[in-house]
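S.K.: Working from the sequences, and respecting the hints, build out all of it.
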Amino acid sequence: NAGVTQTPKFRILKIGQSMTLQCTQDMNHNYMYWYRQDPGMGLKLIYYSVGAGITDKGEVPNGYNVSRSTTEDFPLRLELAAPSQTSVYFCASSRYQSSYNEQFFGPGTRLTVL
Amino acid sequence: GESVGLHLPTLSVQEGDNSIINCAYSNSASDYFIWYKQESGKGPQFIIDIRSNMDKRQGQRVTVLLNKTVKHLSLQIAATQPGDSAVYFCAEMNNAGNMLTFGGGTRLMVKP
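Keeping their order, the protein sequence lines are chains A and B. Sequential numbering from 19 applies to the first sequence in this note's numbering. Sequential numbering from 3 applies to the second sequence in this note's numbering.
No lab work stands behind these hints, which were simulated from the structure alone. As the structure is a computational prediction, the values presented were derived from the model and not from experiment. Do not rely on the hints blindly, as some may be mistaken.
Once the Cα atoms are required to be at most 27 Å apart in a straight line, the calculated DSSO-like pairs of lysine-lysine come out as [as the list claims (entries may be wrong)]: (1) A:K32 x A:K75; (2) A:K62 x A:K32; (3) A:K75 x A:K62; (4) B:K70 x B:K58; (5) B:K73 x A:K32; (6) B:K70 x A:K62; (7) B:K70 x B:K113; (8) A:K75 x B:K58; (9) A:K75 x A:K27; (10) B:K44 x A:K27; (11) A:K62 x A:K27; (12) A:K62 x B:K73; (13) B:K73 x B:K58; (14) B:K113 x A:K62.
M.R.: Below is the structure:
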């Protein structure tokens, strides 16, 4: 299994541009998550999904949108990029919703907005 | 608000010594904690977890201790190796099991 894969690895955007960060998992996990990590900080949850067709906001959802049309894919959309969205974005997945539930992380997408 | 945090931003240890990374949490209702290791340019990697009904859990060269009285969590790494150099995060799972709250991270540097 490839696990959780993310594309692109790096991207530079101009203010106001839009883009989609791709995330795919091949572990048949129901739960998927998007986090952002600012320099020297821990991860903050942007959005999560408990299954195809179901998404919900995390701690910092403003400026982002998500969709979950399939079990495997969970793209993150930035409509009007702002410098505050410069960060490293991590996608994760897990099998179950429970308190004891390991999340597997992708390698990240480093985004710079200038 | 509720938070999970770390005491030390950087820890430097000699190869072969033991390392201890600390974490404080504020939500006394939390019942599941996870330690992650993040190497440069990579996503977080699960190391070990512990439930609130336990005080201690051991893995291979790693031990997590939980003190619910003072809401403190620690990660102990025995015989620290250069490959252990990374940033370590503690994370707290909410009761619904759908949201991890991460602390700010501690950078572990292993000197040869």
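S.K.: For each hint, tell me whether it holds in the structure or not.
M.R.: Hint-by-hint comparison with the structure:
{"no.": "1", "hint": "A:K32 x A:K75", "in the structure": "holds (25 Å)"}
{"no.": "2", "hint": "A:K62 x A:K32", "in the structure": "holds (23 Å)"}
{"no.": "3", "hint": "A:K75 x A:K62", "in the structure": "holds (12 Å)"}
{"no.": "4", "hint": "B:K70 x B:K58", "in the structure": "holds (11 Å)"}
{"no.": "5", "hint": "B:K73 x A:K32", "in the structure": "violated (44 Å)"}
{"no.": "6", "hint": "B:K70 x A:K62", "in the structure": "holds (24 Å)"}
{"no.": "7", "hint": "B:K70 x B:K113", "in the structure": "violated (33 Å)"}
{"no.": "8", "hint": "A:K75 x B:K58", "in the structure": "violated (33 Å)"}
{"no.": "9", "hint": "A:K75 x A:K27", "in the structure": "holds (24 Å)"}
{"no.": "10", "hint": "B:K44 x A:K27", "in the structure": "holds (11 Å)"}
{"no.": "11", "hint": "A:K62 x A:K27", "in the structure": "holds (19 Å)"}
{"no.": "12", "hint": "A:K62 x B:K73", "in the structure": "holds (21 Å)"}
{"no.": "13", "hint": "B:K73 x B:K58", "in the structure": "holds (14 Å)"}
{"no.": "14", "hint": "B:K113 x A:K62", "in the structure": "violated (31 Å)"}
When held up to the earlier numbered hints, the structure conflicts with 5, 7, 8 and 14 and fits the remainder.
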